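Novice: Spelled out from the first residue to the last, the chains are:
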Amino acid sequence: MSALVVKDLTKSFGGLRVTRGVNLDVAEGERHLILGPNGAGKTTLFNLITGDFLPDSGSVMLQGRDITRAPARQRAHLGLGRTYQIITLFGRDTILRNVTLAALGLSLRRWNPFVNLDAQADLEASAMAALARVGLSHAAHRLLGETSYGERRRVEIAMALVQAPKVLLLDEPFAGLSVDERRDVQKLLMSMPRDITMVMIEHDMDVALDFADRITLLNFGEVVVQGTRAEIVADPRTREVYLGS
Amino acid sequence: MKRRLPSMTAALVVVAAMATLPLWLANTYYINVASQILFWAIFALGLNVLVGYAGLTSLGHAALFAMSGYTAAIVVTAGGAHLLGAVAAIAMTVATAAVFAVLALRATGIGFLMITLALGQIVWGIAYRWAALTNGDNGINFKTRPQPFGIDLTSAPAFYYAVLLVFLTAVMTMAVFVRSPLGAAVRGTRDQPRRMTALGYNVWLVRFAAFLLSGFWTAVAGLLFLYYNQFISPQVAALQTSAEALLMVISGGTATILGPIAGAAIVVVMKTVVSAYVERWNMVLGIIFVLIISFMPDGLVPGISRLVRSMWPQRRSNVTGERAAKAASEARP
Amino acid sequence: MNLWLVLAINSVTLGGLLFLLSAGFSLIFGLMRIPNLMHGSFFMLGAYMGSAFLKQGLGFWPAALASAIGMAVLGGLVERLLLRRLAGQELAQVLLTLGMSFIIADACLMIWTGDPIQPATPPDLRGAVTTAGLVFPIYRIAIVGVAVAMAVALWLLIDRTRIGAMIRAGVDDAPIARVVGIKVSQLFTLVFCLGAALAAFAGVVGSPYLSIYPGLDAEMLPLALIVVILGGAGSLLGALLGSFIIGFLYNFGQALFPDLAYVILFVPMVLVLVLRPQGLFGRAAL
Chain A
1 MSALVVKDLT KSFGGLRVTR GVNLDVAEGE RHLILGPNGA GKTTLFNLIT
51 GDFLPDSGSV MLQGRDITRA PARQRAHLGL GRTYQIITLF GRDTILRNVT
101 LAALGLSLRR WNPFVNLDAQ ADLEASAMAA LARVGLSHAA HRLLGETSYG
151 ERRRVEIAMA LVQAPKVLLL DEPFAGLSVD ERRDVQKLLM SMPRDITMVM
201 IEHDMDVALD FADRITLLNF GEVVVQGTRA EIVADPRTRE VYLGS
Chain B
1001 MKRRLPSMTA ALVVVAAMAT LPLWLANTYY INVASQILFW AIFALGLNVL
1051 VGYAGLTSLG HAALFAMSGY TAAIVVTAGG AHLLGAVAAI AMTVATAAVF
1101 AVLALRATGI GFLMITLALG QIVWGIAYRW AALTNGDNGI NFKTRPQPFG
1151 IDLTSAPAFY YAVLLVFLTA VMTMAVFVRS PLGAAVRGTR DQPRRMTALG
1201 YNVWLVRFAA FLLSGFWTAV AGLLFLYYNQ FISPQVAALQ TSAEALLMVI
1251 SGGTATILGP IAGAAIVVVM KTVVSAYVER WNMVLGIIFV LIISFMPDGL
1301 VPGISRLVRS MWPQRRSNVT GERAAKAASE ARP
Chain C
2001 MNLWLVLAIN SVTLGGLLFL LSAGFSLIFG LMRIPNLMHG SFFMLGAYMG
2051 SAFLKQGLGF WPAALASAIG MAVLGGLVER LLLRRLAGQE LAQVLLTLGM
2101 SFIIADACLM IWTGDPIQPA TPPDLRGAVT TAGLVFPIYR IAIVGVAVAM
2151 AVALWLLIDR TRIGAMIRAG VDDAPIARVV GIKVSQLFTL VFCLGAALAA
2201 FAGVVGSPYL SIYPGLDAEM LPLALIVVIL GGAGSLLGAL LGSFIIGFLY
2251 NFGQALFPDL AYVILFVPMV LVLVLRPQGL FGRAAL
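Protein chains in written order, with the numbering used here: chain A, 1 to 245; chain B, 1001 to 1333; chain C, 2001 to 2286.
Rather than coming from a laboratory, the hints here were simulated on the basis of the structure.
Certain hints may be false.
[As the list claims (entries may be wrong)] Derived, one-sided and incomplete: chain C residues facing chain B with beta-carbon distance under 7 angstroms: (1) P2035; (2) L2098; (3) F2252.
For clarity, every value in this text was computed on a predicted model and none was experimentally measured.
Ideal Cβ positions, reconstructed from N, Cα and C, are used throughout, including at glycine.
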């Protein structure tokens, strides 16, 4: 069974069609890269998959389950995780609290007004474990506002990991990072276990090629080519999109 | 958690001072002022759940405050027991808060403010015009204070102790709420609603819960207001009352527990002092409003606690530290 | 005399007044994104100032005009000196207008005391005309006439002039308007002055019919609020339609369910919120 299937997904804003009949089939454990220049409709595609927007037509299936119309919050409970291109974290809280909040999101305890969140040892332990995986154990108690951009990226990833997603969507995880930071994040993503299926958006081809099993090239909201790394690199249409004909 | 010690000591001192207040302030007038401060503080704490923690500014809370008082007054005047009146008042107010929430939560920010303002006016209209039910402009006289467990609350100190007990309960549950998972979720929906949705939170329902909690404490405060004044009139439901409560929250500092309490003390004391000399309380209320908003949007408590923190840099408690990373959140790209 | 007809005339009259009041409220909301909670105060203070001018021997319409100009100046000062300092902080701006409304209300109480004032109807407009056995009070008709004239003038201003085009651009999208070189901050002042003047004018025109008393501000503000929630922010047509809906509801409600008349006013607002939160004519504003 495929982890994520997108069928004929179409979305317009006003008269502008930003996604036109996009198809995507991501196998369990696959690393899938969505390439495309700025404005190709990559982030919109993610927003349709996560339920931030509802599509005009088409469907989204997560592990065989139709989630096209499911509310965004429910998709998190079904195992869909996401990181954002523009980092939106809770700047007044510590790194640990940010990750704990993510862990709490899937726990029924989030409705409890009577206990101390800091005393929820299991949530804190899983948050610490997620932070260990992204190499931030030492910084857990720092205020998020006092961290570097690269660290925030890793906090983003930790927040996704702590929810143990089956499918993880990564929206330009390298954007705005220095060369060193980029290498760290790259290493981190490569080390992820295969029980997490990953779909990554990137506009810069060179950054993410190593990561991908399969690649989808998007332009003007449409799939241009789809295939393995080698196929995409060899395909003349790739060059067309990136270099202009 | 060594840093907890000084604040625990301070809290104990304050509670001890409050508990012995009628002894060292043996003057009915001042004891009554203290009682007023306490139930207004409960109102402000309730409103702060929405304004401070959920980031939703309500201008309709006077309606909930009055709804509670009116319900109890009507039930008891009709011959119902005090207990029935109190239970009905809280149930009715929380139900009204639920209706308000359903309508007002279609928006946030300014839209939320406008809708709550309009909804508050509806309740004011009922209190003012539906004379058959509410006795209109004349208001309702409430003959006797309740006697919980047979204790007579007629005297100022007795009533003060009753209010103090409720107040301390409110403060403690509020302190627990602020540190609780739901409290964290409410603040999360204030700061990053979209992110919270992606993390699996039902943002609407979290806000709804905050509204109900806010409505509950507003109802409790409204009841105490009725017991204290033994009278309620449409003026209680007016926009001005909502504005006063909001002023308490923002003058003290939103999203803190001390803030609304300090704000209630400031506003009640000012109102008492000003009203004793001139009739110009509305003018003073307006001027304070304009001054605070123009020059001290943070409120007094965060301002002072920032000062305290700069003296002891290692102090960083969760409650007062709400603003600590304000700069941090502003630095966010 | 037919009760229904009287009610209908009163409804149209109130609708006209409400339009004068809420057109400015709607434009300010549309452009600056804040509900001006001083708007009822502008109405009441305008009415009081008009009554003062009348006392000085000024004619009715000159008094209305003078009051409107005075209020425009006051509105401009508030915008320039107070609201401007809080640019971009809509919530703080709203609360500031709320604070100002208390100051104005108390100042009025101080100057004009709590006794209601009812200025005389202008002499030329007293009495009634009788047509086909029906009696129409002239002054009521005059109010409607003035409101219609103002509506047309406003529509021409917004739809046909350069300033109007800028205001429309600002209502649509202030950042873009700024980019194409429109001085949005000057528009803010202009629209604020205009709204204040219209509210004051409405206050004077309405005063022989409503009379002036403390609390008039708090009574008018929610009406403007409902009209704008009904009609949508920044929409003159919406304000017009909303005003007449509320005018009719108010008068018929008073006659049929006097206890709940005030509550009935809010019913269409609640319906609009549930069914169409952006208002009858507005874009997504809330």
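Novice: Compare the structure with the hints numbered earlier in the document and write down the numbers of the violated ones, lowest to highest.
Specialist: Number 3 - this is the single hint that the structure violates.
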